Every structure is written in C-alpha cells, then in structure tokens.
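Keeping their order, the protein sequence lines are chains A and B. Sequential numbering of the first sequence, starting at 271, is according to full-length UniProt numbering. Sequential numbering of the second sequence, starting at 271, is according to full-length UniProt numbering.
Any given hint might turn out to be false.
The list treats identical chains as interchangeable, and a pair is accepted whether it falls inside one copy or across any two copies.
What the hints assert, rightly or not - Okay, derived cross-link-like pairs now, DSS-like style, lysine-lysine, Cα gap no bigger than 25 Å in a straight line:
#: 1; residue 1: K424; residue 2: K345
#: 2; residue 1: K466; residue 2: K539
#: 3; residue 1: K472; residue 2: K547
#: 4; residue 1: K530; residue 2: K442
#: 5; residue 1: K471; residue 2: K428
#: 6; residue 1: K553; residue 2: K466
#: 7; residue 1: K553; residue 2: K459
#: 8; residue 1: K553; residue 2: K471
#: 9; residue 1: K428; residue 2: K345
#: 10; residue 1: K442; residue 2: K464
#: 11; residue 1: K471; residue 2: K539
#: 12; residue 1: K471; residue 2: K399
#: 13; residue 1: K530; residue 2: K459
#: 14; residue 1: K547; residue 2: K466
#: 15; residue 1: K399; residue 2: K428
#: 16; residue 1: K472; residue 2: K553
#: 17; residue 1: K553; residue 2: K464
Derived by calculation from the structure, the hints in this document are not laboratory data. Every value quoted in this text rests on a predicted model; they were computed, and no experiment measured them.
2 protein chains.
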Amino acid sequence: VAATANYLPETSYSALPDIHKQLGDQDAVVTLEKTPITEDTLTELFSGSTLSSHAQNDVYSTYRLQPPPHLNEMKVTVVCPATEEHLKKHQYQESYLVEETAEDYSSITLPYIESQSFSLQWVYNILEKKAEAERIVYEDPDPDVGFVLLPDRKWNQKQVDDLNLIAIVHQKGIRSIRGLTAEHLPLLKNVFQKGKEAIMKKYELPASKLRVYLHYQPSYYHLHVHFTMLGYVISGCGVEKAHLLGDVIQNLQSNPDYYKSHTLSFPLKAEDGLLTKFREAGKI
Amino acid sequence: VAATANYLPETSYSALPDIHKQLGDQDAVVTLEKTPITEDTLTELFSGSTLSSHAQNDVYSTYRLQPPPHLNEMKVTVVCPATEEHLKKHQYQESYLVEETAEDYSSITLPYIESQSFSLQWVYNILEKKAEAERIVYEDPDPDVGFVLLPDRKWNQKQVDDLNLIAIVHQKGIRSIRGLTAEHLPLLKNVFQKGKEAIMKKYELPASKLRVYLHYQPSYYHLHVHFTMLGYVISGCGVEKAHLLGDVIQNLQSNPDYYKSHTLSFPLKAEDGLLTKFREAGKI
Chain A
271 VAATANYLPE TSYSALPDIH KQLGDQDAVV TLEKTPITED TLTELFSGST
321 LSSHAQNDVY STYRLQPPPH LNEMKVTVVC PATEEHLKKH QYQESYLVEE
371 TAEDYSSITL PYIESQSFSL QWVYNILEKK AEAERIVYED PDPDVGFVLL
421 PDRKWNQKQV DDLNLIAIVH QKGIRSIRGL TAEHLPLLKN VFQKGKEAIM
471 KKYELPASKL RVYLHYQPSY YHLHVHFTML GYVISGCGVE KAHLLGDVIQ
521 NLQSNPDYYK SHTLSFPLKA EDGLLTKFRE AGKI
Chain B
271 VAATANYLPE TSYSALPDIH KQLGDQDAVV TLEKTPITED TLTELFSGST
321 LSSHAQNDVY STYRLQPPPH LNEMKVTVVC PATEEHLKKH QYQESYLVEE
371 TAEDYSSITL PYIESQSFSL QWVYNILEKK AEAERIVYED PDPDVGFVLL
421 PDRKWNQKQV DDLNLIAIVH QKGIRSIRGL TAEHLPLLKN VFQKGKEAIM
471 KKYELPASKL RVYLHYQPSY YHLHVHFTML GYVISGCGVE KAHLLGDVIQ
521 NLQSNPDYYK SHTLSFPLKA EDGLLTKFRE AGKI
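So that you can see chain A by itself, here it is in the shape it has in the complex:
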C-alpha cells in the first residue's frame, strides 16, 4: 500500500540537510513512502485541495487533486550506518521475464540447477522431524503420496487474513513442475485434497478461500505447494510465477507431458545466475 523509491539520486541527500547531517560519509538506506489515505481527513482533504479535470468518457471521468501538504505526508525511513546486509535487503533488483522452452530447460536451466547443488538439508530436516517438528500442522506420512504441511516462515499465524502454508512432499527427486508427469497425479491430488481438509479443520477456512499453487522457478528444488489466503496479494502469487495446483492436475490429465513440453514463463532478478545463462545463450 506504499509507493517506494529505493534509489535516491546522490544529489537528493544534500537537499535534506537534517538527514544529510546524520548520514555524513556513512552508508545509509533512505526509503521514501506514501502512506494510506485515512477516512477522517477526507472532508478537509477535498475542501482544501485544488482540483483539475483530466479526462472524460461516457460515465467515467478522472481528476487530478493537489492536497494541502499536512494532509498528504510521506514517510522517510533511514538506516544509518547501514551494514552490507541492510544494503542488499533494500537493493531493488529489476526482474526480467524469461520464456523457457522445453529445450531451454534441458540445455540451460537443468544444467544450471545441477551445477549449483543447492542444499536441501533443511527440507530433509523437516521431513525427518529433525527440525521445526513442532510447527507441523498436518502430515500424511505415505512415502509416495504423503506430505508435511506447515506455516510459511513469513506468516506470523496471528490472523488468517494472510494465511500462508507450505506442503512439502515426502517423495524426493521432483525438482519442480518441470518434473511432473501423469504418474504424479495421485500425489498432486492427495496434497490438494488433504491440504484443503487440514486447513479447514485447523483454521476453519473452506477451499473457496484458498489459493493453492506452485512456483516456477521455485526457491528450492524439492516439490512443494503453497496454500495462501485468497485476496491476500503477495508478489509470489502473480500469474508470471504461480501455477494453480488445480490447473496443473488438469493439464497433466489431458496431456501427461504438458510440463515436459510447454514453454514456461517466469521472472528472474537481475543478479540471478540463471538469467546470465539465458543471456549468454542469446535468449533474452
């Protein structure tokens, strides 16, 4: 709900004498945000503002409004001195959409994933109850179609409005939706059905309030499914990255090789090594 400008041009700092004094020569993160409109200011906002007409068509029209400054503040957040971690966390990285053909997957993506040997030890720790066992909401222990359901770390579990759980399958070796064929239908249907039932039981949320999906590319290459609250808008549920589990099941039912043969689009951040590989191959 806030517009953020993460890059302040160097020159801007000096226009801010108070902040500039605090910063000195130190590294800093300066964030500028607009804040939500509050209802109790609306009457004053309109009466004290300048209005100009912009465009009109049929019943639709738009205006530009210049509110008085005290009713339209912005928020400035400063981290100073900022550590390397602060700088990284706040650095905005551009994303680029990649269109990965089945051939690109074999020749670019899969070799890249294999070369990285991302550790999945933390996932195995969860599946084997060596870590986070107390966080598990539900488990089906079947080695072929079973899974563990637990809250995503991003969710504080204080309200269901931003409900966010992850089902991690017990079966090893399925890296992502690219690895799915019709033989995985029993597994996928089981996760879909029992995951929804477990959430209904524990949080009293029916299936019609859930968005159930997989990411491609996922953040780790062991098959897992996201269960989030419908209406809770987060970047990971965008159509460019998320695949509804219901669609995945249907696509595999009508075409067992759907995910082995189709071109899949996904965003990659500027510094992602995989983007470099696609660039080197002249694909972007």
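Use these hints to put chain B onto chain A, whose structure you have.
For chain B alone, coordinates are given in the frame of chain A:
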C-alpha cells in the same frame, strides 16, 4: 501501489464543487488514489518539503515529510451516473474461489452474462474513435486481427513503473477466454506481437519487462488484453484471475478446445450475482 479510499462520506462530495455539480443527485463511485513517486522529482521533493523527525532507535530513524502539493498529487476517478453494478464492484467484499467446469459455464455463467446485458457502448466508443481517441497509443485497424491499445484509466502515465495498458480487439462477439478456439490464434498472436512492439517503441520497454494477460472473469465481456509492468504487483495479476497470453496461445495450439473444455477457477465477490447462481446450483 496506491492507497484507495472507496467510501467517501456523504459530506465529502459537497466539498468538491466541480465534482458535486457533475454528480447532482445521481449515484456515483468516487475513488481517491495516491500515485507512485517518480525519481525525477526527488531532488525538488526534498528541497521543497518540510521535514520533521518522528522516531529513532539504534540505526533506524523515521521522518515525516510534507511535500509541496504539485509534487504529491492524488488521482480522483468518478463514475457517474453509477449503476448498481458499478457500486457493487467498488465496495469491499470478501472473495470466493469458484471452480467453473465447461458444463457450469453453459448452464450457469453464460445465461447469467446474457441476462445482465452489460452495456459495451463505452468500448465501442473507443473502437469507433467517438471517445478517448487522443489516448490511443497504437492501432491495428484490421477488423479480424486488429486492436486498439490505450492506457488503462488506473495509470496516470507519468512513470513506467506501474505501466498499465489495454488492448481492445476490433472483433466483436468474443466475450472472454471461454470464447477462444484455435481460429482466434492469428488475432491473439497479432495482439501479443504488435502490442509488445508498440510498447517498445513508445515507452522503450522490452517484452521481458511486460506481463501480458487476460482476466477471467473479465470486468466487461468484450475481449481485451492487459499489458502491465512486470514487478508491479496489483490484485488483477494474481494467478487466480489472470491468464498469460503466451500460455493461452500455447494451450490453444496444442488443444483447440482448451478453453471450451477445461475447468477454470476465478474469484467472485460476495455480492456478485454470478456467485449467487453458483450457490443456488450447489457448486460452492
């Protein structure tokens, strides 16, 4: 990225003489939005603003900034006279996910759409240059595969960070993706290709920065395609409602009846008449 106040208290209208005159005694939807901060205004923003300290803790501090009005405009959108549909659409309501089979579409959704006879006059006004002609960014006038590309009303066009354009096809009678078959592939490919080219030419944004998709259900039943900036997170780009044009083209290529035969999921708001129909049919 915008804070929206959908409910203006009654008293607010009278504080807006220009709008009030337009509204009279008619029903209206008045929406107030903040717009993204643009980088080129930052230096002036800081030098011309009043700054006050707010809080400080360790390396973290926050300030309140009161920018000059001309650098911190809001946007007012008015729909007047507003129909019952407009009023419902803008009220905050819970959403529910519906899983619509092909059979549900024929027996529930299509009869409902036909019974509503939503007016498409404003769309035809655009296609026929009777309104908003000056806003058109690009046009391919071909009656079969042509389209008009213009900025979405939500976009103020001041920065590409929240770029949002709509391609409206010239061909009439295609209500939504449910109406698409392989015969529409030339139309879809043309919109995809020429839309991307026009955006590259006008805004210098390559295809890898764009999210190109259709909504199901759409907000109006004349085929149109959304072109938005990748990384700009808005509710309408969620996987539960958006369908990437690239995926739609591929799905139709491998299965001409994909959208006539598959089950499609989409969210409906609590007061949507279509949700009532699905409820009455015992489907939710």
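Practice item. Please write out, lowest number first, the hints stated earlier that are contradicted by the structure. Key: 3
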